[in-house]
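Each protein sequence line maps, in turn, to chains A and B. In terms of the numbering used here, the first sequence is residues 1 to 339. In terms of the numbering used here, the second sequence is residues 1 to 540.
The hints are simulated quantities; they were obtained by calculation from the structure and are not laboratory data. Worth double-checking, as some hints may not be accurate.
Listed next, with one range per pair, are the computed distances between beta-carbon atoms [unchecked claim]:
hint, chain 1, residue 1, chain 2, residue 2, range
1, A, G161, B, P143, 25 to 31 Å
2, B, Y405, A, E55, 34 to 40 Å
3, B, G495, A, G311, 40 to 46 Å
4, B, A264, A, D330, 49 to 55 Å
5, B, V77, A, P115, 19 to 25 Å
6, A, D318, B, R374, 55 to 61 Å
7, A, T53, B, Y405, 43 to 49 Å
Partial list, computed: chain B residues near chain A (C-beta under 7 Å) [to be verified]:
hint, residue
8, Y246
9, S248
10, S249
11, V399
12, F400
13, A403
14, N404
15, G451
16, L455
17, V457
18, L489
19, T494
20, T505
21, H507
A partial selection of chain B residues facing chain A, derived with a Cβ cut-off under 7 Å [claimed, not checked]:
hint, residue
22, H253
23, F375
24, L406
25, P407
Glycine included, every Cβ here is placed at the ideal spot set by N, Cα and C.
Letter by letter, the chains look like this.
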Amino acid sequence: MRFVRFAVFLLLTVLVLPVSAQDVAQVPLSSETLTVYSGRSEDLIAPILHQFTAETGVQVEVRYGNTAEMAAVILEEGDNSPADVYIAQDAGALGALAQEGRLLSLPSDILTRVPAEFRSNDGLWVGLSGRARVLVYNTELLTEADLPASILDLASPEWAGRIGWASTNGSFQAHVTAMRLLLGDDAVRAWLEALVANGAVAYEGNTAVVQAVIDGEVQVGLVNHYYLYGFLADNPDIPAANYFFPGGDPGALVNVAGAGVVSTSDQPGLAQRLILYLLGTAAQEYFAAETYEYPLVVGVEPSVELRPLAGIEVPVLDLSDLSDLQATLDLLSETGALP
Amino acid sequence: MQITQTFRNTTQRMTLAFPMSIPFRLPSMLQAITLLIVALVSLPLVYLSVRALGAGQEGLGYLFNERTLRIVVNSLVLTAAVMFAAALIGVPFAWITTRTDLPLRRVWLVGGLLTLVIPSYIGAIMYIAAFGPRGLLQSLLEPLGVTELPSIYGFWGAFLAITLFTYPYIVLPVRAALLNMDPALDESARSLGLNRWQVFLRVTLPQLRPALASGMLLTALYTLSDFGAVSLMRYDAFTRVIYLQYTSSFDRHRAAILSLVLVAVTIGLIALEHRAASQHHNYRIGVGCQRQMPLASLGKWRIPALLFCGVLMIVGVLTPTAVLVFWLLRGAGELSFELLQPAMNTLSAGGLTALVVGVIALPPALLSARTTSRFNRWLVKFAYLGNVLPGLVVALALVFFAANYLPALYQTLPILILGYSTRFLPMSIGATASALTQINPRFEEIGRSLGLRPLHVTMRIIMPLARTGILAGMALVFLSTMKELPTTLLLAPTGFQTLPTEIWTAHAQVQMSQLGAPSLLLIAVSALSLFILLRQEKRS
């Protein structure tokens, strides 16, 4: 009977399962186990959490996922969420959880480790690393003196055919959201229309924009600061540099990846200890070395020669508010910035 | 088998004595079991209703604005286009690879079905990498002076990708129907003077209608629920907006309202399917024993048939695979033993789900194939509604229920399997039910009258006779489960890695070279499983 043989085949497949499930189930009975929901990747987060376990004896169980989906899961779990700590790739998702009352207030010894502009105004979450928005430019075609004083100046016709952007990218869209909050929808609409009229070239992601600037396909590109350093690590001679818009310009946004303690945690003290660890010198240096992002704790130096964070005049903004993306997307579609 | 065979011969003679109009009385037990199963997979609908009610008045305003209506239309246009294109590819492909003397039929069949195992988010990335304005194809054409290809983004890209990913949903049930078909009908039609083409249109196609309709329904549901391809191809479809509500605006109420619109659209589609599948009886009622269908000779059509299969293979499977291999070779990515455990997990999850779904699909399938009652037919189709919801929605619904009402089971395997089953049950019901329409219900009745219990009738008569359909359904569920991402990410036990989650990890880190190994492994494992599955359908 082939049918029987088929059933046996399937059963054998299934028998493999307990073996694999067992690894998963090997949770030590110690009460000191933290559950972390991470929107940042396993490659980045797992080593530092192992180090935390090695130093403190606290076991950490991590579920990895997309930052926004993890936030949605915590919202759905509601009062029964097993999560103690939520680590997010951007401030908007943390803001959404804070708004729904799903985060606990952090003590001041955690909050004061990072400058006020990189944490929640209500003390509900804290930034772990900074991601600056910059104008990357081709150093063979332009000098810093050629670059505009404000991101809004890119609307002028002299920049026609010279700009690259990644309009489908989340970081870009968060930046446009920030600009809407700072300048109002009408000003941003006019700016987007002007850039589209200037023939701004849309690339798939920040890496492609930086590549296009290096190749001279476009002269400047709107990206996050750290992509350039990936290229520089491969070849220090590439003709590209980052430019920070001066004077608190809306172009000089610094977004953060951050963390908070989930309100249903039954061990908030332990959860805070983990966040404090992530804000410690070792962890901050680790993040900086792995990602080229800005360490946010005062006194920890970036891994490469970045413009000091204190030297960037960031616009005044509550990063929690960056959760209103729908209006941004509507604006991008209506102006033709999104293909 | 011997018993069944003799039994079949006897019963077929006996059926002559009964007029066809006596309705088959359904044991109410079957109805009760079906009700239970449908209730279980309808949990997401309960969740959505709870959430939608939370939106209040403002939610209604959102529902009826111009943008919402526009994207509904976008989704419907795409769905209709994909459904018909997939049928136009799927039916000839199933026929050529099942009923003709095409050389290497099984190889073509497995190759053609393989697009089913390519997750749409991977496939779409591959198509963009291959056919994008500055993709691999353009770089091959560069010496000829082609600096940019026309944009693949938008409707056509989404249409191409989803059609190629979904036509196997039509091939499998149609193939099962072709295998079960009684050659006597074709022969009678031929002897009455119809040519081969007329036979296909007037005899074969009508018999394929239930299978084709259920396949097209699955295609439509896939298109409506797919997120990966439409978002990568930047087509403004409905799922994109639902995802945005969850992941960008964090507005669960609006997301629920929009998801319920999808459900409403699906109810409309199901009504259409009912009409298409209609009430044909496709089983043999005459005297004698059904033999296997002889293979048609392709003759001078052999070359076009090979060409058709070849092009389908190149575009559907070889192109994405070639891009993956290219990335694998270019980068430092390698097939390491670290992927062994995820591969095992993927196989077990798929196998377990296929078994579970194969079993729980039987009662609804039986009910829908044997019922004449409108209520029963709709009851069964309610099980389809979970399939139209995007994976994220189903997963979040089960997160809600499990975390709040079954905390002991939350983030364990049973809930994960429930999640998969909710999404993929219709695939099994559809294929099984269409196979059942090809079996004369008198067999079951005689079995009962000879003293078999209903369970034994199912085991000894229905399952052997409907085996091709049941297997086709389980194959669909198996392959779909193996590539499923959102359900796995959100519902799996912590640390339970599958090949799709490995692919996702690589993609999230923009490490395309790392993406090659798990993707190729997933395709290879699926191809092997598909081959083994198809070997089982040979009649003994």
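Interface hint for T494 (chain B), Cβ within 7 Å of any Cβ on chain A:
It holds, given that the least Cβ distance between T494 (chain B) and chain A is near 5 Å, below 7 Å.
Should the interface hint for S249 (chain B) be scored as holding, given a Cβ-Cβ cut-off of 7 Å against chain A?
holds (5 Å)
With 7 Å as the cut and Cβ atoms as the points, is Y246 (chain B) at the interface with chain A?
Because about 5 Å separates Y246 (chain B) from the closest Cβ in chain A, which is inside the 7 Å limit, the hint holds.
Does the hinted range 49 to 55 Å hold for A264 (chain B) and D330 (chain A) at CB?
The hinted range 49 to 55 Å is violated for A264 (chain B) and D330 (chain A), with Cβ atoms some 24 Å apart.
Verify the interface restraint on N404 (chain B): the C-beta must sit less than 7 Å from at least one C-beta of chain A.
holds (5 Å)
Hint check: 7 Å Cβ-Cβ cutoff, L406 (chain B) to chain A:
With Cβ-Cβ at 10 Å, over 7 Å, it is violated.
Under 7 Å, Cβ to Cβ, is where V399 (chain B) needs to be relative to chain A, so tell me if that hint holds or is violated.
holds (5 Å)
Checking hints one by one. Is L489 (chain B) an interface residue toward chain A, by the C-beta closer than 7 Å rule?
Result: holds, 5 Å to nearest chain A Cβ.
Hinted contact A403 (chain B) with chain A - closest CB pair below 7 Å
holds (4 Å)
Measuring from the C-beta of S248 (chain B) to each C-beta in chain A, is the shortest one below 7 Å?
holds (4 Å)
Starting from the hint 40 to 46 Å, judge whether the C-beta atoms of G495 (chain B) and G311 (chain A) obey it.
Because 42 Å falls inside the window, the suggested range holds.
Hold the hint about L455 (chain B) up to the distance rule: shortest CB distance to chain A must be less than 7 Å.
violated (16 Å)
In this structure, the earlier hints numbered 4, 5, 7, 15, 16, 17, 21, 22, 23, 24 are contradicted, and the remaining ones agree with it.
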